[in-house]
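Participant: Hey, can you work out the whole structure from these sequences and the hints?
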Amino acid sequence: MKLLQKLDPRTKIVLVLVISTLSILMNEVLWLAGLLAAAYLMLFLGGMKPGEVFPRLKRFLFLFVALLVIQSIFSPSGAPLITVGEIHLVTTGGVLKGIAVILRMLIIVTSAMMLLTSSPMELVLALIRFGVPYEIAFMVLMAIRFLPVLGEEVRDALTAIQLRGVKIKEIPLGQKIKVYTYIFMPVTASALLKAKKTAIAMEARAFRAFPRRSYLDELHLRGRDYAVMALALAAGLGCCSAYFLVR
Amino acid sequence: MAFWEVHNLSFAYPRREELLHSLSFAIEEGEAVALMGPNGSGKTTLGKLLVGILKPSAGQILLEGSDLAELSLAEIGAKVGYIFQNPEKQIFTPSVEEEIAFGLRFRGYDEAETRRRVNDMLAYFELTHCAGQFPYNLSQGEKQRLAIAAVLALEPRFIIFDEPTTGLDMRRKEKFAELLLKIRSMGAGYLLISHDRDFCGSCCERLLLLKEGKLSSADEVAAEA
Chain A
0 MKLLQKLDPR TKIVLVLVIS TLSILMNEVL WLAGLLAAAY LMLFLGGMKP
50 GEVFPRLKRF LFLFVALLVI QSIFSPSGAP LITVGEIHLV TTGGVLKGIA
100 VILRMLIIVT SAMMLLTSSP MELVLALIRF GVPYEIAFMV LMAIRFLPVL
150 GEEVRDALTA IQLRGVKIKE IPLGQKIKVY TYIFMPVTAS ALLKAKKTAI
200 AMEARAFRAF PRRSYLDELH LRGRDYAVMA LALAAGLGCC SAYFLVR
Chain B
0 MAFWEVHNLS FAYPRREELL HSLSFAIEEG EAVALMGPNG SGKTTLGKLL
50 VGILKPSAGQ ILLEGSDLAE LSLAEIGAKV GYIFQNPEKQ IFTPSVEEEI
100 AFGLRFRGYD EAETRRRVND MLAYFELTHC AGQFPYNLSQ GEKQRLAIAA
150 VLALEPRFII FDEPTTGLDM RRKEKFAELL LKIRSMGAGY LLISHDRDFC
200 GSCCERLLLL KEGKLSSADE VAAEA
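Chains A and B, in that order, are what the protein sequence lines are.
Take the first sequence: its position 106, counted from the start at 1, is 105 in numbering that gives the first Met the number 0, and no numbers get skipped.
Take the second sequence: its position 3, counted from the start at 1, is 2 in numbering that gives the first Met the number 0, and no numbers get skipped.
Because the hints were derived from the structure by calculation, they are not lab data.
Computed from a prediction, not measured in an experiment: that's the story for all the values here.
Certain hints may be false.
[What the hints assert, rightly or not] Derived coverage of chain A by chain B (criterion: at least 3 residues anywhere in the stretch with Cβ under 8 Å from a Cβ of chain B; other residues may be distant): (1) 153–159; (2) 181–187.
[To be verified] Computed list of lysine to aspartate or glutamate pairs in DMTMM-like fashion (alpha-carbon distance at most 25 Å, straight line): (3) B/K78 to B/E30; (4) A/K177 to B/E97; (5) B/K88 to B/E125; (6) B/K47 to A/E151; (7) A/K166 to B/E110; (8) B/K174 to B/E154; (9) B/K54 to A/E51; (10) B/K181 to B/E63; (11) A/K166 to B/E97.
Here a beta-carbon is modelled for each residue, glycine too, at the ideal position from N, C-alpha and C.
Facilitator: Right, here's the structure in full:
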């Protein structure tokens with residue numbers, strides 16, 4: 000079994016919180032790059048393979064490029080790289096800020112991948128043990144459960160539209176936008192109907208009928224969990240202090 | 000040349016065992032075929048492969064001699080209509096009549112012809128009373144009829160029905176059988192994916208049995224019965 004799988008989900012949540020908090024506190028590209036490297040190291044030492052990590056990041060590629068461009072344009076500082084008239088479109092400072100934002104996002108996404116080694120139910124139990132009300136934790140579980148279903152519905156609606164003979168790639172932009180608005184209707188309606196049916200099914204099984212509830216699975220913190228949490232908090236505090244001292 | 004020619008078709012969902020093993024068969028234009036088999040045998044999957052919703056792991060599907068892999072869904076949809084098992088998957092407009100009119104408008108039919116076809120379909124499928132309603136508020140049977148009406152309005156040359164009799168009462172089942180006859184009389188063919196052996200037997204001239212990823216011949220289907 001992978002090392003990360005052996006850890007209690009609460010330990011993983013603490014690890015993710017420490018890494019994510021550090022990435023928000025830090026602004027320097029070098030520090031962020033170091034933190035990203037540390038996050039990858041933890042994932043790989045924890046037993047995850049590069050093939051499990053990097054393909055998941057591909058879907059964020061467009062967002063990263065967009066962030067880089069937006070940051071470069073709207074946060075100008077330093078030497079100009081691209082100038083139109085008297086306006087500095089891309090500057091060295093802007094590019095560095097863009098890279099910092101991308102690194103920050105990469106760190107958050109990468110560290111959150113540690114949570115993928117726990118089942119959604121284990122994560123809900125962990126949130127409850129952290130004092131999150133069961134109703135809220137259950138809502139999180141439902142969101143995790145239904146996100147792929149919503150994605151599938153978007154694909155189905157798009158398939159149905161195309162099978163009616165609509166060549167999405169070839170129609171003009173105005174019509175294309177109109178076609179895409181059609182997709183939101185079945186997805187929203189279906190989500191609302193599912194929510195209604197799920198609420199009835201939950202109430203039929205006595206959801207919230209009693210103030211206290213028991214759980215089939217229990218979480219237990221072991222020695223290694225305490226050790227990892229202590230180490231993560233100490234390393235986090237150390238990094239934070241070093242960062243502000245060096246600055 | 001057959002309407003569909005399937006050569007050594009195999010399919011597996013990602014990270015799952017192969018579901019369909021090297022299937023080869025042909026379906027002629029205007030033919031009425033039933034595809035039967037136990038739950039999970041891959042009937043719906045085969046139907047989706049035939050219209051390009053899923054891509055084969057190996058093998059080739061030819062639609063009127065053209066490789067399906069090189070056709071867009073819109074090009075396939077211009078020849079073949081597909082009725083999903085769950086009608087909600089193919090309903091996407093805010094009103095019943097707009098659902099039927101959608102494909103006609105995108106194919107450039109004028110408003111008078113669109114109106115005529117929409118009214119014909121509403122009347123035939125007994126949906127006139129709910130023409131302006133939000134489709135998601137219809138009953139399951141009405142949704143099923145709407146999904147069929149929206150596809151039939153486009154007059155495809157071949158239609159795949161995935162479990163079409165689910166949610167239909169006896170009278171509407173008979174009406175659906177009449178509709179299938181009408182489709183045949185128009186020269187179009189259909190593939191019924193169904194568990195309803197009696198219905199398939201009465202409405203189709205050829206039965207295909209899908210079992211453990213292989214197709215059985217008509218004789219084996221008869222023996223099975």
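Participant: For every hint, state whether the structure bears it out.
Facilitator: The hints, checked one at a time:
Given as covered by chain B, the segment 153–159 of chain A passes the check, having 4 residues with a CB less than 8 Å from a CB of that chain where 3 are the minimum. With 4 residues carrying a beta carbon less than 8 Å from a beta carbon of chain B, the segment 181–187 of chain A meets the three-residue requirement, and the given coverage holds. About 14 Å separates the Cα atoms of B/K78 and B/E30, which keeps this hinted pair within 25 Å; it holds. With a CA separation close to 14 Å, the supplied pair A/K177 and B/E97 stays within the 25 Å bound.
With a C-alpha separation of about 21 Å, the suggested pair B/K88 and B/E125 falls inside the 25 Å cut-off, and the hint holds. With a C-alpha separation of about 15 Å, the suggested pair B/K47 and A/E151 falls inside the 25 Å cut-off, and the hint holds. Note on A/K166 and B/E110: the hinted pairing holds, with a Cα-Cα distance of about 20 Å set against a maximum of 25 Å. Proposed proximity of B/K174 and B/E154 is supported: the alpha carbons are some 18 Å apart, at most 25 Å.
Proximity of B/K54 to A/E51 is assessed by CA-CA distance (about 24 Å); at most 25 Å being required, the pair is judged to hold. Annotation: proposed proximity of B/K181 to B/E63 holds, straight-line Cα distance about 23 Å (limit 25 Å). About 19 Å separates the Cα atoms of A/K166 and B/E97, which keeps this hinted pair within 25 Å; it holds.
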